[in-house]
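A.B. asks: Next come the chains, spelled out residue by residue.
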Amino acid sequence: MPRIGVFVCQCGNNIAATVDTKKVAEEMAQLPAVVHVTDYKFMCSSPGQDMLKKAIKEHRLDSVIVSACSPHMHEKTFRKASEAAGINPFKCEITNIREQCSWVHHDRTKKTGTRKSIDLTRMTIERLKRNKPLSTIKIPVKKKALVIGGGIAGIQAALDIADGGREVILVEKEPSIGGNMARLSETFPTMDCSQCILTPKMVEAELNERITLHTYSEVESVDGYIGNFTVKIRKKARYVIEELCTGCGECIEKCPFSAQSSFEMGLSKRKVIYTPFPQSVPNIPVIDAPNCTKIQKDKCGVCAIVCGPKCIDFKQEDRFVTEEVGAIIVATGYELMPNERFGEYGYGRIRDVISGMQFERLASSSGPTGGEIRRPSDGKAPESVVFIQCVGSRDEKKGVAYCSKVCCMYTAKHTMLYRHKVKHGKAYVFYMDIRSGGKRYEEFVRRAIEHDGAMYLRGRVSRVYERNGKVVVQGADTLSASQVEIEADMVVLATAIVARQGADTLAQRLGIGYDKYKFYNEYHPKLRPVETVTAGIFLAGACIGPADIPDSVAQGSAAASKALGLLSADELQREPVVAKVNEATCNACWDCLTACPYSAIERHGLKNRKGTVVRMVAMVNEGVCQGCGVCVAACRSKSIDLNGYTDEQVFAAINAF
Amino acid sequence: MKITLKKEDLESPLISQIERISAEDLQKCYQCGNCTGGCPVSFAMEIPPHQTMRMLQIGRTADVLAANSMWLCVGCMQCFSRCPKGCSVANVFEALRQLSLSKGVDAQRIEAMSVEFLKKAPQQAIVCGFRKFVG
Amino acid sequence: MKIPYYPGCTLNTVAKGFDESARESSALLGIEFDELKNWNCCGATFPLSPDNLIALSAPAKVLSNARKQGDTLTTLCSVCYNVLKRTNKVIKGDKVRRGVINGFMGDDYDGGVSILHFLEVLRDMVGFDAVKKAVKNPLKGIKAGAYYGCMLLRPFEDAGIDDAEEPRVLEDLLSAIGLEPVRFPLRIECCGAHLAVNKEDIVLRLSGNVLSSAVNSGAELIVTSCPLCQYNLEKSQARLVSEMPGYAGVPIVYFTQVLGLALGQDIARLGFDRNKWDISPVLKGKGILA
Amino acid sequence: MTENSAIDRVADSGEAQWQPKIMAFVCNWCTYAGADLAGTSRMEYRPEVRIVKLPCTGRIDPLFIIKAFENGADGVLVSGCHPGDCHYTTGNYHARRRWIAFKSLMEFVGIDLRRLQFSWVSASEAIKWADLINKITDEVKALGPFMEYKGLKGES
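Residue numbers (the working numbering), protein chains in the order written: chain C, 1 to 657; chain E, 658 to 792; chain Z, 793 to 1082; chain X, 1083 to 1238.
Just chain C, same shape as in the assembly:
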C-alpha cells in the first residue's frame, strides 16, 4: 500500500475564494492509501515547501499530491522539493485546481469549485498510485559543432564557438568562404568597405586551430540526434590537392582558357583554374571541370606542368568525410530571384539593365572595373542611373509577397556610391515605401536624398526599353499622380531575396521545418529565434528570412551561444517521458516506426546466447524520443507504453472519474 500525502493550496484567496480547500483535504483523507492531508495558504512559498518536505519525512510518504495551480507553473518546484525530501520526483503530481477550477468557476458558495477540486484530486491520486519512479535520461554530448554555410553568419558562429573553446567544422559549398558579403562594395550605413571588414574574419577562421574548413563541400547526410549527430560531408573534386597547394597562383597565371565568373555575376571572365576572388580563403584554386579542355578532351594540362608542388590531379574524384558533432548551426544564406522573370524590365536582353549585386561588383574596388561605374554596353560612365526597388518583392503575382528588407538601404547606398564616383551623375530611385528601420538607417537614406541629390520617385516602373542607345524607363510618380518617363544610361534592379535552391532538400536531411518560401522555421519567431524544433540544430542569417549584415552577425553569435550552452555540458539531461517497448510482446509489425515523428524507433535484433539474432523487436532511442506517445496509440499488440503517461495511469484516472 502506497503512502500518499495530499497538500491543498489556498493560493492566498486565488483558490480559497471559490474552493473550500479544507473540505477537499478532508475528503481526500477518506481515501485508502492517503495517510496525510493538509491545506495551506501558499504551498509554493518556502515555508510551504518546507512543510511538504517535513511531512514526507514525518509520515514516511512515498508519493505526494499538490492540488494548486497549473503544473506548467510549479510542477518543477514541488518535484524538486519532494526529491530533496528523498522521494522520486516523478512520484509527485500536481492537480490543477486554480487555472482550471477556482478561477473559471465563480460560485461564491464554493460548492462548485469544491466538488470539482475533489474530483480532480481524486483522479490524480488514482493516477499517482500507478506512477513508477523514473530517473532523468542522460545523453553523452560530442563536444564539437558543425556550421553549414561560410557566409558572414556562419563565420561569426564558427569563430564564437571556437573562442568558446569548442571544435568547429565549417562547411562551405563554394571554393572560398565569405558568401554574398564578399561581393559587396561598401556597407550601409557606415560605408566601410565590405572586404575590409570581412577578410580579417575569413583569415581568422582559416587560422583558428579549433576550426576545420571544408570548402567546395556539401553536407550529404545527417544522422543521430542532439549531442550525437553523425554528418557525412562530400568534398567535391577540386582537381587540386589541398594539402600540397601553396597558393602560388602560377597555374591560374598560365591557364590559357577562361570562362564567365559567377562571383562577378557574369560581368567579367576568370581562368578555368581559378579562385573566386583574390582574397579567397582558402587560397587554393579549383578547376572548372566542364570548361577544362584537359578534363574534357585530354588537351592542354598546362597547369599541371607549371605547378611547382605538383598538386594538380585531373583524376581526382569527390571524397567523403564523416564528422561526429553535438550541435549543428545552419547558415546557408540567400540568393537572388532571377531577373529574367520580369520581361518588362528587359534584364538579360538590354545590356545596361543590371542587378543590384552586379552594381556592387561595379562599385567594388576589387571588381571588374576596379571600382569605376561603367555601363556594360559601351563602358561609358552613365550620366544617369535609374534604380528600381521591389523587383519581385511585395509582388504576389510574379514574385514573392514579402519585403526583402535590405533593398531600400542598399539602393540608397548605391545612389551615394554612384554620386561619389560619377560626380555629375543623376540617380533616380523608384520606391514604394522607404523601409529604413534600424540604427542610423533613416538618417542614411535622408543623406542620399538631401546631400547626394538622389531623386526619389514614389511608384513602380511599368516598362523599360531601349531607344537610340538610351534605356527608357516608364513608370509613375504616385505623389504627383503622373506618368514618368526617364531616358537613362543604366538601370539597376533591386531584386528580391529568396531562399537558396535546395534549401528544402537540406531541411529534409536535417529534419527542420521551412515555410512556403523555403525559409527555415524558427522554434518561436520571437522567443526562440535561432532554434529549430529539432533539438541541437540552430539557425543563423538569411536562411531564416531576408537579413542584413548586423542581423546575420547577431544571429550567428546567438546561435553560437546556444550551441556552446549545449556543448558545455558533459551529458544532457532530459525528462524521462519517453516510450518503452515490451520486447516480450512486440510482434515487429513496425507500425510504431512509421508513426514516430522523430524516427526514434529502430529495428532491434534479440540475440540468443550464441549471439545469433532470433527475433526482431522495436527499440526506442531515448535520445531521440520526445515522448509524444503516438507510437503507444498506434501499437496493435499494446507493446509500447509511455513513461509518465502509461495506459495504466490514464485508465486509473478515467476510472476515478
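Just so you know, not all the hints are guaranteed correct.
What the hints assert, rightly or not - Here are the simulated BS3-like cross-link-like pairs (lysine-lysine), alpha carbons at most 27 Å apart as the crow flies:
id, chain 1, residue 1, chain 2, residue 2
1, X, Lys1217, C, Lys110
2, C, Lys132, C, Lys54
3, C, Lys405, E, Lys742
4, C, Lys397, Z, Lys881
5, E, Lys742, C, Lys398
6, Z, Lys794, Z, Lys924
Since the hints were made in silico from the structure, they are not lab data.
Since the structure is predicted, the reported quantities are computational estimates derived from the model, not experimental observations.
For this one, chain C is given, so just place chains E, Z and X on it according to the hints.
C.D. replies: What follows is chains E, Z and X alone, placed relative to chain C:
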C-alpha cells in the same frame, strides 16, 4: 484641398456596387502606380488609374465619376498584366462606365458621328465604341 | 487540312484583304478554311464586368454554332480571338455562368471548342519549319516590324498566345518567310483601339508612337494581325505624312499578305490594293518584284 | 465512488437538477495551455468538465474514450493543437486520422455524436475553449444522462 473622411463615404453602397460590378477588391491596391506607369492613355486622364483606385478607397466616388478617365480606358489590360497585386483597373473603369451610362447619359451621340467615318471604320471599332460609350 | 474558320464582321467588309490573303496563302499550305455557317458578330469587346453575361451571349452563340462544326475554331482578327477565347474560358470554367448563358440562349454549350488564332495554327499545327520549306519567294532583305497590339497577348492568363512582355511568334513567322524582323520597343503597346470613334487625337498619338518606334528601329514594313490596329496605324500615318515633310510612310500590311507573297501567291490576289500604302516599291527595291 | 451513475450524482450533488459529466482529453501544449489561459483571464465556463492531460492528442487511444463512457461520462471532448502546430510536428495528424475512423464506428454503434466532440484549441484560444465547454455541456445536458452505454454493458 481638405477632405473630411466619413464612414458613410468610405463604406457607401456605391463603393460596394463598384466592387460588385468590377469584381475587384479596391482595398487590395497598395498604390504602387504600376498601372499609371504602363497605361497608354494615363497621360490624358484627369485622374490616372492608381489615383482612381485611391479616390475610391477614400470614398470620393463623385470626383471619379466626374473625371474623363473611364472614357479613355481602352481595356488594353496592361494595368492588370503588370499589377503586382493582380488588380484590374480596367474592370473598375468598366464598372464606372456602366454606373454613369445607367443614368441614361451617353458619352457619344451616334448622330454626331460622321457618315464618312461610319463607312470607312472597321465595324469592330464602331460596335465596341457603341458598347463602351452608349447606354 | 480543313479548319473551321470565323471571319468576323470586319474581315467581311473593310478588312477583306486580310480574309482573302489568309484563304489564298493557307491554300498553298494545304489548309482550307471551312467558314462557320450563319455566324454572328462576336461583340467586338469582352465585358470587363464578370456579371455582364448578356454581353457574352453573342460570342457564346458563335461558339455553340462552332461546336456543331468541329472542336476548334480559327480566327484572324485579334479582337475576335480575344473575345471568343475569353468567353469560352468562362463557359468552360464556370458552371453557374455557363448555366445562365445556356439557359438564356436555350442552348447547352459546354465550352468544348478550342479557339485558335491563325498564327497558332501556323506555329503549332503547320509549324514554321514547314512554312519555311513551302516558301517559293523569300522576302529577303526587308526589315519588317511585327506589331502585336494588345488582344493577342493580354490578359495572358486568358488569351495570351505568347509571352506577354517578350512575344516572338510573329517575328518567327516573318523570319520563316525570309523577312528580317526588327523587334521595336512599342510593338506590344496599344494603338488606341476603339477610341477611333471619338478620340482621334489620342489614337493619333498612340499609333504615332508605335509607328515612329518601328520606323526608328529601321522597319521598312509594318506587319499587323488586327484590322483595327491596321486602320489606326494607317490613319495616323496619313496624318504624320501630311505633317512631316520628308516622311513618306511605310507599308502597313497583314501578316497573311506577306505570307501569301512569300509562298508564291499572285500579288494581285492578296488584297494589297486595299492597303493605303503600296508595298511594291519596297519589293522592287529589294528586287523581289520585277 | 469510482462509478457513480447519473442518478446518484443528482442525489449527492445538492442540486435540484441533473448535471452532466464531461471528460476532456487534451494535449499538454496547446489545449491545456489554452485552458490555463482561460483561467488566468478569469473567464467563467460550465464546471462539469474534467480534464485528462496527455502529451499529445496522438497519444489518445480510442479505448480511453470508450472507458470514459463506461465510467459514466455523458460527453467526451478531444482537443489538441491546430493542424500544423503540433508540438510533436505530426502527432495531431495521427489523432485526426484515428478520430475519423473511430467516430464513424461510434456513430455505427449508435452513440449520438453530440456526446463525442473533437476540436482544435491553441494555447491562445482561451475564449474558444470556454465557448467549447459551454457548448458541449449544454448540448449534452439537453441530451440527458447517457444511459445507453450502461445498457450495453448490462447485456454483456
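A.B. asks: Give a verdict on every hint.
C.D. replies: Going down the list of hints, with the structure as the test:
The suggested pairing of Lys1217(X) with Lys110(C) holds, with an alpha-carbon distance near 23 Å, which does not exceed 27 Å. Between Lys132(C) and Lys54(C), the direct Cα distance comes to roughly 23 Å. Compliance with the 27 Å bound is thereby established for this hinted pair. Taking the CA atoms of Lys405(C) and Lys742(E), the gap is about 19 Å. The hint holds against a cut of 27 Å. Taking the CA atoms of Lys397(C) and Lys881(Z), the gap is about 20 Å. The hint holds against a cut of 27 Å.
For a cut-off of 27 Å, the pair hint linking Lys742(E) to Lys398(C) stands: about 9 Å separates their Cα positions. The suggested pairing of Lys794(Z) with Lys924(Z) holds, with an alpha-carbon distance near 21 Å, which does not exceed 27 Å.
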